[in-house]
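Produce the complete structure using the sequences and hints provided.
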Amino acid sequence: MARIVIDPITRIEGHLAIEVEVDGGKVKDAWTSGTLFRGFEIVLKGRDPRDAYHITQRICGVCPTSHAHAASLCLEDAVGIHPPDTGRLVRNMVEGAQFLHSHILWFYHLAALDFVDVVAALKAQPREESLKEVQTRLKRFVQSGQLGPFANAYWGHPAYKLPPDLNLLAVAHYLEALDKQAQASHISAIFGGRMPMTMTTPAGGSVHIPTVDDMANLKPRLLEIQEWVDRVYISDVLAVAPYYLDYAAIGKGPASFLAWGVFDDPSFDTKKRLLPSGIVLDGSLKVEEVDEKVVTEDVTHGWYKDGKPLHPSEGVTEPEYTDWDAAKKYSWAKAPRYGERPMEVGALARMVVAYAKGHPTAKKLIDQTLARLGVAGKPEVLFSVVGRIAARALETKLIADAMVEWSDAILVGIKNGKKEFFTQYKLPERAQGAGLWEAPRGALGHWNRIENGRLANYQVITPTCWNISPRDGKGVRGTIEQALIGTPVADPKRPLEILRVAHSFDPCLACTVHVIDPTSNEVYKVRVS
Amino acid sequence: MDTCDPSVIQALSRRDFLRICGTTAALLGVGQTAVPRIAEALEKAVARRPSVVWLNFASDTGCTEALIKANYPNVAQLILETLSLDYNETIMAAAGVQSEEVLQGALKRGDYILIIEGAIPTRKGYGMIARREMLDIGKEFAAKAKAVIAVGSCATWGGVPAGDPNPARLKGVREALGVECINLDLCPVNEGILVATLVDLLLTDRIPALDGFGRPKIFYGQTIHDQCERRAHFEAGRFVERFGGNEEELGYCLYKVGCKGPMAYANCSKFRYNDRVSWCIGAGAPCIGCSEHGWVDKFAGFYERLPGVKIPGIEGVEAGADKIGLVAGAATAVGIVTHAIGTTVSGRFKEKPPPEEAEKAPE
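Chains as they are written, first to last, in the working numbering: chain A, -13 to 515; chain B, 64 to 426.
Hints in this document: simulated from the structure, not taken from any laboratory.
Note that CB positions come from ideal geometry on N, CA and C, so glycine has one too.
Incorrect hints may appear among the rest.
As the list claims (entries may be wrong) - Derived contacts from chain A toward chain B, CB cut-off under 10 angstroms, selection only:
1) I(-5)
2) I(-2)
3) A3
4) Q43
5) F136
6) N138
7) M181
8) V193
9) V218
10) I220
11) S221
The following block contains the structure:
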């Protein structure tokens, strides 16, 4: 029995440590640990409810607009308004561009290096000029002896299976994707002012009024990304996956999925979103509507004083750092449960829920992909590392295509002189609301309570809270902990396979360990000018 | 730095290279005549790419996200050809023990530029990497760095999570580690400012002239208000009175819907963001003042009107316009420390800059 600690897990957002026990070349047990605490919710207490739009974006610099929009929805719910339809479209565009950015960045820059051997790309014998150039650039880089971010990785590990030419192609696309992820963010910024930390879509809709200039700036970037996703991103996934089909049976996890849904349609009904709300339990592919009231959080194995599992809006918990002890407490993350179940959230959860609901585009994309990988009619292979990689790529395409339609609708609105982008409202003295939405990494919920026109309480459950949850009071492992079990580990000193499973969830730790009042449940007064 | 090795420079095409030098010159405001000098400095840098260690502490990674939006030079050129980004947890391939080896290797070699993103938790156990306190890691690495750059609000003074009541007792780099550093405020850091500061360091081997908050004067020397494209509407008394009206379409001033531009010092309107496509006020959003230390509490009520600013047309144009920062600073109860007059730091990286001039309140 070998015990392996990987700390830090890199190529993620934030600070995560994973500890596993390996026996007979396979993971027997696993512990995931968030190692940073910031305490956002307490910072929010006592503030102007509108400021949550800006404050909560700083929970995560990778998916700030998701927090922005969850905060906007939360306040709109409390006030009882919706944005005008054109405001809804602007919000969808700013959010959609962030999804494109995040998924492209995740696949090429965070996850790909688990499957692509950069150094082995030097052995490729490319015929195409552009690939020769990339190889020359790479050769010079390696010969310089300064490997920078590529230093000391697991290059040459037996689990790398791609032929040299495909490794080189992937390196070339790694570089191309650096441009594409930036282009996608620039789209968010055209409407949002800047990205990260967009500025223009608070509760009420959009304070930015799109112009023809915006569209002239935006459209070529969007069409270029749309074309590139089809031609390069989807193709790369389909080209690489056959070499790693063993990972269609690795990293399964609880196979229970939760989605709050994302991208509103004119009805603002979460069930009718482009990617709809819903849950799928125990790998059944039968969908149910989601009920946020059965969500609880458990702190038995988190660095907090013990208490009963409670709905987040009732959480009464105090931090108590007690060092790392796998048997007791080992993480700053709490353990969210849906009716006592750990749930998986993210692109796979959204696509599985959409698929189970018979969403025509999702169904077509998934069925075609299964057929291309030679597993037609077996959607259960999606519950795996390969499934998460495929789901993210397909979702990127689905969103890019929808964004082209939204941008056309905005342009038509501009031409027809539509000016209504913002619904004016008066801040209530007392109210409460919920904003249920999705970040690229999965289901994101904000809950507020307003008293005397100020935030009396603010609660956030982030996607990665679900995925990197520690064990709960009954000893049930969290989602990634379950997914890691059974993962083969060829060389305990270089646990590449563990990274593959962990990265497949796209963990985002800044989003996770900020949710609890660290000293007391007291409402803090904030000095306001 | 090592002498120039021309074979390595070929990694960049000459055309690309001169374009980078040209845009860098523009960003630094030194004019195109400086291009050959910039080219020479970068060519030397390319011969042995300067080591950069990027430590990410209590942050949301927004500043790493800003870095990868850079376009002049872009992130591929930065990583492959300009710098040796020896440690950055978000993008580095190695993990766990192997990433720790990389980090220790950089420490042993020394001679790196240290970039810190994120605040530093000062409560035990609240921020750890490889089961070591972030505070200890920060001290160790700052001690051997040839220059330290704090990027973004969190690293400069604590940032949003250090807003009242600052649950994790977060502090900025200067305060937590007791070292001098270049503070690049804004949340997130402007990618143009970050890249230009880095290139300036490579170019001159000197810390740039800093203001009283440790910010390079060249980028943070004037208020956003004084450089704002909507300023003429302020002078003329034309305001966006509330969101959703028709004033935004006319590009009116955002002061009345909460803009903090009169009290915020940065060149956002000049550099803009994201391939320079836009910036906050340009897109119709009131500035939240994120360039200032303590902005989260000082400017709380982001949609509330900044007190004490004289509005032209009511009190007279000349009285308000030129003195706006001073008037607000003196009159407001929020305790904003106005822009202090900074001192030029002319020493080499390792030389301690002269003591900062005290933060002066306006007359």
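So, going through the hints one by one against the coordinates:
| no. | hint | result |
| --- | --- | --- |
| 1 | I(-5) | 6 angstroms, holds |
| 2 | I(-2) | 8 angstroms, holds |
| 3 | A3 | 8 angstroms, holds |
| 4 | Q43 | 8 angstroms, holds |
| 5 | F136 | 5 angstroms, holds |
| 6 | N138 | 4 angstroms, holds |
| 7 | M181 | 6 angstroms, holds |
| 8 | V193 | 5 angstroms, holds |
| 9 | V218 | 16 angstroms, violated |
| 10 | I220 | 22 angstroms, violated |
| 11 | S221 | 21 angstroms, violated |
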